[in-house]
Every structure is written in structure tokens, then in C-alpha cells.
Amino acid sequence: MSGGSSRKLKIFREYISISEFINSQIRNNIVIKRHGELPRNNVTLYIMMEIF
Numbered sequence: 001m002s003g004g005s006s007r008k009l010k011i012f013r014e015y016i017s018i019s020e021f022i023n024s025q026i027r028n029n030i031v032i033k034r035h036g037e038l039p040r041n042n043v044t045l046y047i048m049m050e051i052f
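Per full-length UniProt numbering, residue 1 is the first one in the sequence shown, and the count goes up by one each step.
Any given hint could turn out to be false.
Capping the alpha-carbon separation at 25 Å, the derived lysine to any residue pairs in SDA-like fashion look like this [said to hold, decoys possible]: (1) LYS8 / ARG27; (2) LYS10 / ILE22; (3) LYS10 / ASN23; (4) LYS8 / ILE18; (5) LYS10 / SER24; (6) LYS8 / SER19.
It is worth saying that the hints were derived from the structure and are not from the lab.
Use the sequences and the hints to build the structure in full.
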């Protein structure tokens, strides 16, 4: 039981770092390409579905 929860916590930490990386990439794209605001929530939701 504890092993399962620690594995979930590890995945969650990886998810947070991936999400921070992607958010920074999105901000870079906005600055470089001037596309305006990109759907950040959709990207996060997609990652969430891929991992869990």
C-alpha cells in the first residue's frame, strides 16, 4: 500500500516538473512568435491524461 502511494507521489513530482517545463516552452513561444495566449490548460490536461 505504501509502495503504491510513493510511486504515485514520484509520478506526480515528474508531472509537476514536466508541466513547468512545458509552461516555460509555451511562454517562450508566445514571446518569440507573438501568437498571443496559447491554451495552457489544455496542454496540462493532456499531460495529466497521458500520465494517469
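- Query: Is the hinted pair LYS10 and ILE22 satisfied, with a Cα-Cα distance of at most 25 Å?
  - Reply: Holds, at roughly 18 Å.
- 25 Å Cα cutoff - pair LYS8, ILE18: holds, 15 Å
- Going straight from one Cα to the other, do LYS10 and ASN23 come out at no more than 25 Å? holds, 20 Å
- Query: LYS8 and SER19: Cα distance at most 25 Å?
  - Reply: Measuring from Cα to Cα gives roughly 16 Å; hence the hint holds.
- Query: Is LYS10 close enough to SER24, meaning Cα to Cα at most 25 Å?
  - Reply: holds, 21 Å
- Regarding the pair LYS8 and ARG27, is the alpha-carbon distance no greater than 25 Å? Distance of about 28 Å is beyond 25 Å: violated.
Consistency note: the structure conflicts with earlier hint 1 alone.
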